Amino acid sequence: MAKRDKTLLSCGIIFVVVFTVSAGRFDGEAEHKLIAYLFDGYQKDARPVFNKANAVHVTLDIAYSQLVDLDGKNQILSSKVWVRQMWENPFLTWDPKEYGNVTSINVHPGMVWKPDLVLYNNIGIGRTGALYSFDTKVTLEHNGKNSWFAPTQIQSICKIDITYFPFDTQHCSLVIGSWTYPGNALNLVQQRNQSDLSKYTLSGEWDLLSAPVQRNVVKYACCKYPYIDITYYIHVRRKVLFYLSNLILPSIVLTILTVFSFYLPPESGERVSLVITILLGLTVFMLVFTESVPNTSEVIPLIAKYTIIVMSEVGISLLVTCFVMRTYHKGHQKDVPNWVRFWVIKVLAPILRVKQAQKQNGNNNDAKTSQPEVRNGEKYLRRGPYTFIAKKRDSTPPSLCYSPSPDSGCRKAESVESNGINIMRSTSNEKLSELCGGMAAILKHLKGTRQVEERIAEWHFVATVLDSAFFWLFLTSMLVSTVAFYFQIPYVKVPL
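Sequence positions in the sequence shown follow mature numbering (1 follows the signal peptide of the UniProt record, and there is no 0) and run -23 to -1, 1 to 473.
In case anyone wonders, no lab produced these hints; they're calculated from the structure.
All values derive from a computational prediction rather than experimental measurement.
Check the hints yourself; a few may be wrong.
[Unchecked claim] Simulated pairs of lysine-lysine, BS3-like, Cα-Cα distance not exceeding 25 Å:
| no. | residue 1 | residue 2 |
| --- | --- | --- |
| 1 | LYS91 | LYS122 |
| 2 | LYS10 | LYS74 |
| 3 | LYS136 | LYS74 |
| 4 | LYS136 | LYS29 |
| 5 | LYS176 | LYS10 |
| 6 | LYS311 | LYS323 |
| 7 | LYS307 | LYS122 |
| 8 | LYS136 | LYS21 |
| 9 | LYS201 | LYS216 |
| 10 | LYS114 | LYS57 |
| 11 | LYS332 | LYS311 |
| 12 | LYS201 | LYS176 |
| 13 | LYS50 | LYS216 |
| 14 | LYS176 | LYS74 |
| 15 | LYS50 | LYS122 |
| 16 | LYS201 | LYS91 |
| 17 | LYS196 | LYS29 |
| 18 | LYS307 | LYS282 |
| 19 | LYS74 | LYS29 |
| 20 | LYS136 | LYS307 |
| 21 | LYS424 | LYS50 |
| 22 | LYS307 | LYS216 |
| 23 | LYS91 | LYS21 |
| 24 | LYS122 | LYS74 |
| 25 | LYS176 | LYS57 |
| 26 | LYS176 | LYS114 |
| 27 | LYS57 | LYS196 |
| 28 | LYS10 | LYS136 |
| 29 | LYS421 | LYS408 |
| 30 | LYS136 | LYS201 |
| 31 | LYS311 | LYS216 |
| 32 | LYS21 | LYS176 |
| 33 | LYS408 | LYS311 |
| 34 | LYS10 | LYS91 |
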């Protein structure tokens, strides 16, 4: 009994296998017969129309998959697209009932007629921009509809407008049309008014704004009949975060450092080197910028205008810094001119609220007591309890007397005694004359030194006022430049 059941099970398995193989062979034979039927005597180079006066209607659709690169320097747009071409071929139809209900088959593209579509503005090296040389198979349906879908990467010419770089919006195009068939032989139409963006991959450098489609009929000078092309416009806007953080903000920071260089004291000796370093830094940023834009003389980019203005302001600030330092160290040469004293010290200083340092009281008192007092034609120069008397009316030599206070009488030094101490009993007129001459020379030297110090202090104050004036002047200038640069941006809301 068990042996009988085992035999029946084996027979069942063999029947199922034979039936399955027979069915698959039948379907395969149907498709083979269908292909043999369709391509028996078929001419793939002939247009698929019964009346040669009619045009083949070809529908084109582009799915824009990715913006690979927009090379601004070489003005090349690299894109990944899915090309979809559909047309009717009445020579490749059949009745599915006669061929095992097969409604569609896939064949090699070299077996059927295909529209010779070409990317007109192609710039790929070693490529013709042909959209009829794909290796993907063509789908044939029983009603004569042919569909050919293929992914590809194309490179097209894109005119770059750098007027508002890096806040620019670019308009590129993909112009696709037949290269040999005019409009009366091939009627090319678009499937939709916008490119298919459902599978678009976001770009890290560009925002895709829109991708409209337009059908054009163009009459060329070479040909009798007009040609039809489908133009896919790619509107993109640059993302500015990279340029904002690596180019614009560093330039603004260097500009601010230039303004605050006027706060460095002139005697530090680092102001000129600081401004020169800032100028070199802006030059480096200018070189980085020129590597990202095409070499064109049509327009000056917005960022280039701002950089040129800033570099000019930094260069002028370098000249102004040299002038201020020259003014600061000018005190040993000559006095401050009256017009400089008027405009800088009396006019600018109060406006800028810059105050000159006050002299110490002790120095004023010393200067006051150092001046000789004239009484009855005689000069009295007091030093402590002693007074030197310089005679002018007669030829008597100068003398030295003693008085406990400036208002008390002056007694001759020969007879002055204090607390039992004989201060001076005899004085040599010759020694006294030498002493008075030495004192006069010392006083003259001190007076000259004090005048030089006052002149130097006055020139230092002039340099301080000029520093303050130029600080506010350059701060205002650079703020105006930055605000003007901001308002020239074509859109206020900057997408990052």
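So, going through the hints one by one against the coordinates:
Our distance criterion of 25 Å between C-alpha atoms is met by LYS91 and LYS122, whose separation comes to about 12 Å. For a cut-off of 25 Å, the pair hint linking LYS10 to LYS74 stands: about 13 Å separates their Cα positions. For the proposed pair LYS136 and LYS74, the alpha carbon gap of about 55 Å is over 25 Å, so the pair is violated. As the CA atoms of LYS136 and LYS29 are separated by approximately 40 Å, the hinted pair breaks the 25 Å bound.
Pair hint LYS176 plus LYS10 does not hold up; C-alpha atoms about 38 Å apart against a cutoff of 25 Å. The hinted pair formed by LYS311 and LYS323 meets the criterion: a straight-line CA distance of about 19 Å does not exceed 25 Å. Straight-line distance between C-alpha atoms of LYS307 and LYS122 comes to about 94 Å, which puts the hinted pair past the 25 Å bound. For the given pair, LYS136 sits about 39 Å from LYS21 by alpha-carbon distance, which is inconsistent with the 25 Å threshold.
Pair hint LYS201 plus LYS216 does not hold up; C-alpha atoms about 46 Å apart against a cutoff of 25 Å. The hinted pair formed by LYS114 and LYS57 meets the criterion: a straight-line CA distance of about 19 Å does not exceed 25 Å. A C-alpha spacing of about 23 Å is found between LYS332 and LYS311, which places the hinted pair at or below 25 Å, so the restraint holds. Between LYS201 and LYS176 the CA atoms are separated by roughly 40 Å; this puts the pair beyond 25 Å, and the hint is violated.
Restraint check for LYS50 and LYS216: the C-alpha separation of about 17 Å stays at or below 25 Å, so the hint holds. Annotation: proposed proximity of LYS176 to LYS74 is violated, straight-line Cα distance about 38 Å (limit 25 Å). For the hint linking LYS50 to LYS122, the alpha-carbon distance of about 44 Å lies beyond 25 Å, and the restraint is violated. Of the pairs offered as hints, the one joining LYS201 and LYS91 holds, with about 23 Å between alpha carbons and a cut-off of 25 Å not exceeded.
Taking the CA atoms of LYS196 and LYS29, the gap is near 22 Å; set against the 25 Å cutoff, the hint holds. For the suggested pair LYS307 and LYS282, the alpha carbons sit about 38 Å apart, so the restraint of at most 25 Å is broken. With a C-alpha separation of about 31 Å, the suggested pair LYS74 and LYS29 falls outside the 25 Å cut-off, and the hint is violated. Restraint check: the Cα-Cα separation between LYS136 and LYS307 comes to about 58 Å, which exceeds 25 Å; the hinted pair is violated.
In summary, the hint linking LYS424 to LYS50 is not supported, as the alpha carbons are separated by about 71 Å, beyond the 25 Å threshold. For the hint pairing LYS307 with LYS216, the CA-to-CA distance comes to about 53 Å; that exceeds 25 Å, so the pair is violated. With a C-alpha separation of about 8 Å, the suggested pair LYS91 and LYS21 falls inside the 25 Å cut-off, and the hint holds. The hinted pair formed by LYS122 and LYS74 meets the criterion: a straight-line CA distance of about 18 Å does not exceed 25 Å.
For the suggested pair LYS176 and LYS57, the alpha carbons sit about 11 Å apart, so the restraint of at most 25 Å is met. For the proposed pair LYS176 and LYS114, the alpha carbon gap of about 22 Å is at most 25 Å, so the pair holds. At most 25 Å may separate the alpha-carbon atoms for a hinted pair to count; LYS57 and LYS196 exceed this at roughly 30 Å. For the suggested pair LYS10 and LYS136, the alpha carbons sit about 53 Å apart, so the restraint of at most 25 Å is broken.
This hinted pair checks out: LYS421 and LYS408 have alpha carbons roughly 20 Å apart, not beyond 25 Å. For the suggested pair LYS136 and LYS201, the alpha carbons sit about 30 Å apart, so the restraint of at most 25 Å is broken. The suggested pairing of LYS311 with LYS216 is violated, with an alpha-carbon distance near 59 Å, which exceeds 25 Å. Straight-line distance between C-alpha atoms of LYS21 and LYS176 comes to about 33 Å, which puts the hinted pair past the 25 Å bound.
A C-alpha spacing of about 38 Å is found between LYS408 and LYS311, which places the hinted pair above 25 Å, so the restraint is violated. Note on LYS10 and LYS91: the hinted pairing holds, with a Cα-Cα distance of about 23 Å set against a maximum of 25 Å.
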